[in-house]
Amino acid sequence: MIWSLLPSLLVDMVGSALAIILAALCLAKVRQLLRQEPENALWIFLFWLSTALAVFAISRSVGHIAQHLLIMAGYRHIWQALSPFSGAINTFTFILIASVTVFFHHFQRIYHRMSANHAELETVSRDILNLNRDLETMVMERTMAEMALGVADGIRNPICVIGGFSRLLLRRLSPDDPTREWLHTIAAETKRMEEMVEKFESLAQKREYFFGQEDLNHVVQATVETLGPEIAAKKIVLVTDLWPEPIIGKINSHLLRVALSHLVRNAIEATPPGGTITLITRREGELSRLAVQDTGRGMPPDVVEQIFTPFYTTKIGGSGLGLVFVRQIVEEHRGTIAVQSQVGKGTTINIDLPQRFSPRQNSDFRPFS
Amino acid sequence: MATSIFLMALGLIFRPRLAWAIQTHGDPEGLYAHQLGHIVFLIAMIYVCWQIWRQDLKARPGFTRLFWACILFGAWNILTFIGHIAEEQLDPSAIDRSAGYLWRTLHITDLNGLLYYLAKLDHLILVPAFLLLYLALRAFRRRQVGVPGP
Numbered sequence: 001m002i003w004s005l006l007p008s009l010l011v012d013m014v015g016s017a018l019a020i021i022l023a024a025l026c027l028a029k030v031r032q033l034l035r036q037e038p039e040n041a042l043w044i045f046l047f048w049l050s051t052a053l054a055v056f057a058i059s060r061s062v063g064h065i066a067q068h069l070l071i072m073a074g075y076r077h078i079w080q081a082l083s084p085f086s087g088a089i090n091t092f093t094f095i096l097i098a099s100v101t102v103f104f105h106h107f108q109r110i111y112h113r114m115s116a117n118h119a120e121l122e123t124v125s126r127d128i129l130n131l132n133r134d135l136e137t138m139v140m141e142r143t144m145a146e147m148a149l150g151v152a153d154g155i156r157n158p159i160c161v162i163g164g165f166s167r168l169l170l171r172r173l174s175p176d177d178p179t180r181e182w183l184h185t186i187a188a189e190t191k192r193m194e195e196m197v198e199k200f201e202s203l204a205q206k207r208e209y210f211f212g213q214e215d216l217n218h219v220v221q222a223t224v225e226t227l228g229p230e231i232a233a234k235k236i237v238l239v240t241d242l243w244p245e246p247i248i249g250k251i252n253s254h255l256l257r258v259a260l261s262h263l264v265r266n267a268i269e270a271t272p273p274g275g276t277i278t279l280i281t282r283r284e285g286e287l288s289r290l291a292v293q294d295t296g297r298g299m300p301p302d303v304v305e306q307i308f309t310p311f312y313t314t315k316i317g318g319s320g321l322g323l324v325f326v327r328q329i330v331e332e333h334r335g336t337i338a339v340q341s342q343v344g345k346g347t348t349i350n351i352d353l354p355q356r357f358s359p360r361q362n363s364d365f366r367p368f369s
Numbered sequence: 001m002a003t004s005i006f007l008m009a010l011g012l013i014f015r016p017r018l019a020w021a022i023q024t025h026g027d028p029e030g031l032y033a034h035q036l037g038h039i040v041f042l043i044a045m046i047y048v049c050w051q052i053w054r055q056d057l058k059a060r061p062g063f064t065r066l067f068w069a070c071i072l073f074g075a076w077n078i079l080t081f082i083g084h085i086a087e088e089q090l091d092p093s094a095i096d097r098s099a100g101y102l103w104r105t106l107h108i109t110d111l112n113g114l115l116y117y118l119a120k121l122d123h124l125i126l127v128p129a130f131l132l133l134y135l136a137l138r139a140f141r142r143r144q145v146g147v148p149g150p
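Heads up: the protein sequence lines correspond to chains A and B, in order. The numbering of the first sequence is this note's numbering, which starts it at 1 and goes up by one. The numbering of the second sequence is this note's numbering, which starts it at 1 and goes up by one.
Please keep in mind that the hints were generated in silico from the structure rather than gathered at the bench. Every residue, glycine too, gets a C-beta built ideally from N, C-alpha and C. Please note that a few of the clues may not be correct.
Claimed, not checked - To be clear about the criterion: a stretch of chain B counts as covered by chain A if any three or more of its residues have a C-beta under 8 Å from a C-beta of chain A, and this derived list gives those stretches:
#1 57 to 63
#2 89 to 102
#3 134 to 146
Said to hold, decoys possible - So, partial list: chain A residues that the calculated Cβ filter (under 8 Å) puts toward chain B:
#4 Cys26
#5 Gln32
#6 Gln36
#7 Thr336
Please construct the entire structure, taking both the sequences and the accompanying hints into account.
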């Protein structure tokens, strides 16, 4: 079977020319894509792939066309000298294409991880914003309540005295006394002020909106339900030592759960596999105690001193705000938080919450003092 | 152990021998490097196809064309890889150059001759591969600027 090589020569010549044109068009198109979105991972990959293919197309096609023309013109020896360069460049572009692809593979993994981290960061930011909004509302609520209590405490007694004496005087004065009308006015205005005091007191009752009578044990159980899988995944032993009876107190279970979740997550991070996290609830007189213990790496005293300082963090990428929020939540419950830690032995965080509310002792609002 | 290493190092320093550190690269090495280049190019194209398949991107505009472009680039690598082997094994007398370069003929007597001939037509795969790549990029660009695609 004898076949002419002319068709292959024609296909080679025309194909080489077309390959150069198409490679140039690809490069131009991908440059447009990249110019509009310079940080798009796919466009970056396609740009480098198209660049390598364009170098390959030019090197190979020019080589093939030159080969045919030089040989036909009787310059075979020139082609023999050029041929190794053309082949070497082609080989180089193959390696370049493979390298670009391998690089893209790793680049894509990092890109996906960054995207996932970004999404997580957005969720965390949203949670912090919501939490902050709740706390701001609570602070406003507390301020109003304290104002109301302060005003009520400060005004009630003088009003009672004025009202009582004005009514007494009214009873003693003769019916035709000209000052009687003035006393009537004093008594009526005093009555109005007493009503205002009552309204202020009713503002204090609004705290019910944020704080309800709830069981602290339920808060712990709900948190354990949520974080149990995380603890189990790290092969940490979880012990829940709950007070056998309900510990009912005026609490905001949502915020307390947020605070407890944060503390437990910190404990999970600090505790190695095989370690133990213990959650304890106790009733001690008028106080409810909630404790989170771990057998993790612990903290040196200088770190313990600063953990409630805003933006102080020992974690890479930490916001340094988590424990600040935890403390604020505890303080909004009129509670206290204390940390005990020993390096290499673990950390215990004790939260004491009053079972009943009373005005905060160190309130900034002192209208009549 | 440390003493032996130290003595060996002393020996190498004071009684050196020829190490033949620079080796001459013989004739077939260029071809082997080129063939290895074809293999890694092929693997790269398979990887891109696999990514498009795995991430279920074929339904999105442009990705089907990119997928087929990579398939054709991969096929081109296989064809040319075989073509280089066939060329190496081809009997030089199988090509008759007596009528001039344009009118050369190939005497095909076996599969090797046929493969050599087919490999010489590799642009029939390479050009469509480039064309599909261009069409894929054009579809991406149209989507980017908001022009409805086909």
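How the hints compare with the structure:
As drawn, the region 57 to 63 of chain B meets chain A at 0 residues by the rule of a beta-carbon pair under 8 Å; below three, the given contact is violated. Counting residues of the region 89 to 102 of chain B whose C-beta sits closer than 8 Å to any C-beta of chain A gives 4, which meets the bar of three, so the coverage hint holds. Proximity of the region 134 to 146 of chain B to chain A, defined as three or more residues with a beta carbon under 8 Å from a beta carbon of that chain, is established by the 7 residues found. A least Cβ separation of about 5 Å between A:Cys26 and chain B falls short of the 8 Å threshold, and the interface hint therefore holds.
The beta carbon of A:Gln32 is positioned within 8 Å of a beta carbon in chain B (closest approach about 6 Å), and the interface hint is therefore held. Taken as an interface hint, A:Gln36 checks out: its beta carbon lies about 6 Å from the nearest beta carbon of chain B, inside 8 Å. Nearest Cβ of chain B to the Cβ of A:Thr336: about 53 Å, over the 8 Å cut. The hint is violated.
Going through the hint list in order, the structure does not satisfy hints 1 and 7.
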